[in-house]
Amino acid sequence: MVLDTSSPIAREATLPKCPTGIQGFDEISGGGLPKGRPTLVCGGPGCGKTLFGMEFLVRGATEYDEPGIFVTFEEKAHELAENVLSLGWDLKELEARGKLIIEHILVERSEIEETGEYDLEGLFIRLGAAVDAIGAKRIVLDTVESLFAALPNELILRSELRRLFRWCKQKGLTAVITGERGDMTLTRHGLEEYVSDCVVDLNVRVKSDIATRRLRIVKYRGSEHGTNEYPFLIGAGGFSVMPITSINLDYATSSERVLTGVNRLDTMLGGQGYYKGSSVLISGTAGTGKSSLAAAFARATCAGGGRCLYFAFEEPVSQIIRNMGSIGMDLGKLMDAGLLKFHASRPTTYGMEMHLLTMYNMVKEFEPDAVIIDPISNLSAVGGEEEVKSILTRFVDFLKGQNITTLFTDLTFGRTVGEYTESAISSLMDTWILLRNIETNGERNRALFVLKSRGMEHSNQVREFILSSDGLELTDAYLGSEGVLMGSARVGQEARDFEESRLRGQELSGKKRSLEAKRAALESQMAALKQDFLSMQEEIEAVETAAKAQNAALFKDRDMMAKIRKAD
Amino acid sequence: MTENEHTQHVNAPWEAGDFYHLRLYVAGVTPKSLTAFANLKKICDEYLEGRCEIDVIDLVESPHLAKEDNILAIPTLIRRLPEPIKKIIGTLADTERVLVGLEIHKRTDAPS
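The listed protein sequences correspond, in order, to chains A and B.
Residues in the first sequence are numbered consecutively from 0, following numbering that gives the first Met the number 0.
Residues in the second sequence are numbered consecutively from 0, following numbering that gives the first Met the number 0.
Errors might be hidden in some of the hints.
Claimed, not checked - Straight line, CA to CA, 20 Å or less: simulated DMTMM-like cross-link-like pairs of lysine to aspartate or glutamate:
#1 B/85 with A/107
#2 A/511 with B/82
#3 A/98 with A/81
#4 A/75 with B/102
#5 A/555 with A/543
#6 A/332 with A/386
#7 B/40 with B/102
#8 A/34 with A/196
#9 B/40 with A/113
#10 B/31 with A/112
Derived from the structure by calculation, the hints contain no laboratory data.
Required output: the full structure, derived from the provided sequences and hints.
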């Protein structure tokens, strides 16, 4: 069995055990019933005692090669055979192969007179003959208490029963003795006095019109055993006991990541999506897109080659497929590929435990990488808050132990909007995404934010969550002077912003143009001035040249003069 | 079995001289079975002289009969005839109860 190693109970058998083959029972009993000893299985009417015994024998005969005798004091052999045929057990065939004998012992009080001493040697001879005929290793006595009605002398009967159980032990038979529950005692006639090795109690409780079967090992001498009440089912394959309450918080954690199916959401969760094997809660009021987000995750899982199991408690499968088709997700294709499996049922169909077991069995069968439950809030219709929490805790633990990513959706109600979950399970969740409808300006818009996400950096931003025929999309909500805006208000605001910036742009370019013109004017002015400057310089040079020439002429004249005046 | 021999008697079952076919089931020779047989013998001699037959079946020797005849307690006495079948368990210590159980009336009641 899957959980053998993780269960502390199954560590070591101190006592030789006889495996029952009943799913889950061998785990909680640490290997089965005490070998070669009697076990008392008690419970009220209709709690499954006979079936427990029968499965013990059928499994023994088919799986462990241990033939068995079913001693029935109540039902006739053919009635028994008919009753269990629906479970796929062919008692006639087993009898024909010498693996099983059904010994019907008829007790009829009215015909029996009693005088003097007697014993039940006749019964012993019958059982002995049957045991020897097939070499039986197992025996079921169902229900030995009927003898109390048939035989008036209780003293004799009690001592004979004691002898019978001793006889079983001597023969090395692993015996199951069923007993009807009494008022204050485990069995009506106090059989527990004689069978002290192992006592198993079965009961059925009805709460809110829904019956839940439970099993408890009251005592098990010389052996460790689970002490809780374990829910069990009588399903299509017989008994199955749910042992997952025995799981510890010791599973390995993965740092591998899985995509959420929405790009922007991956980004919000540290850029890589959820952790593999973590639990994710998506909560929100009606119509916020929880299922869509769940479906996106299913699609992302399958796209990566993983398998996804989808428990739908609200909508039929065809409806989910149609609806998701409208937002661009073709789930039917994934179903055909065998990657996605739906299980749709109404929560009120069964009790919580039955749901848990069904889910548990399906998970074991399908071996998914991701499990989606949509929504868990509907389960509260069946069980109380405590019960739902306990079941989900166990389920989450079980899935985490298998490294399966779990995504739950939770429907919250308008008046309790916010950080509250219907089943008070938020503490179980590693990642919690809250979806919210925000109503402004006469319209509702979806907002998404990550409330928590253990062990990763995550965005603290509110994003607008948009569902369209193109799929799921997250956009930034508008944050501006007007506050947080979404939907058409966001689009409107964005348009206004755009217009404003366009106008501003126009103004700027006008200004730039006039400045440009001014600069051009200045430049031409500057060129003219430069021209003036140049011509002025030329003029100065001309004047200078003229002056020099005058000077030269003057000197020349003076020399001439001196020459003329004969200066010395 | 001796059944066939006695079918003729069944034809007139309710007359005073009813024939009794009794069968005692025991399991080996035990004090209880011996006591039961002795008690039965005594009753037959006293009340059913000449009109009863007793089989003794040892289930140790033929265990299948325990199932066929649905015998649990040992010793068990079965009145096979006259019908209906009556069953008495125990060592038959209380003669009165055995007589009541077997619906035997004293011969003295018979017509003279």
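Status of each hint after checking the structure:
Taken as a hint, the residue 85 of chain B and residue 107 of chain A pair is honoured in the structure, with Cα atoms around 12 Å apart against an allowance of 20 Å. Distance hint between residue 511 of chain A and residue 82 of chain B is unfulfilled; the C-alpha atoms sit about 131 Å from each other, more than 20 Å. Our distance criterion of 20 Å between C-alpha atoms is met by residue 98 of chain A and residue 81 of chain A, whose separation comes to about 18 Å. At most 20 Å may separate the alpha-carbon atoms for a hinted pair to count; residue 75 of chain A and residue 102 of chain B exceed this at roughly 31 Å.
Under the criterion of a C-alpha separation no larger than 20 Å, the hint pairing residue 555 of chain A with residue 543 of chain A is consistent with the structure, at around 18 Å. Between residue 332 of chain A and residue 386 of chain A the CA atoms are separated by roughly 36 Å; this puts the pair beyond 20 Å, and the hint is violated. A distance of roughly 16 Å separates the Cα atoms of residue 40 of chain B and residue 102 of chain B; the hinted pair therefore holds under the 20 Å criterion. For the hint linking residue 34 of chain A to residue 196 of chain A, the alpha-carbon distance of about 10 Å falls within 20 Å, and the restraint holds.
For the hint pairing residue 40 of chain B with residue 113 of chain A, the CA-to-CA distance comes to about 18 Å; that is within 20 Å, so the pair holds. Restraint check: the Cα-Cα separation between residue 31 of chain B and residue 112 of chain A comes to about 17 Å, which is no more than 20 Å; the hinted pair holds.
Hint compliance for this structure: hints 2, 4 and 6 are not met, and every other hint is.
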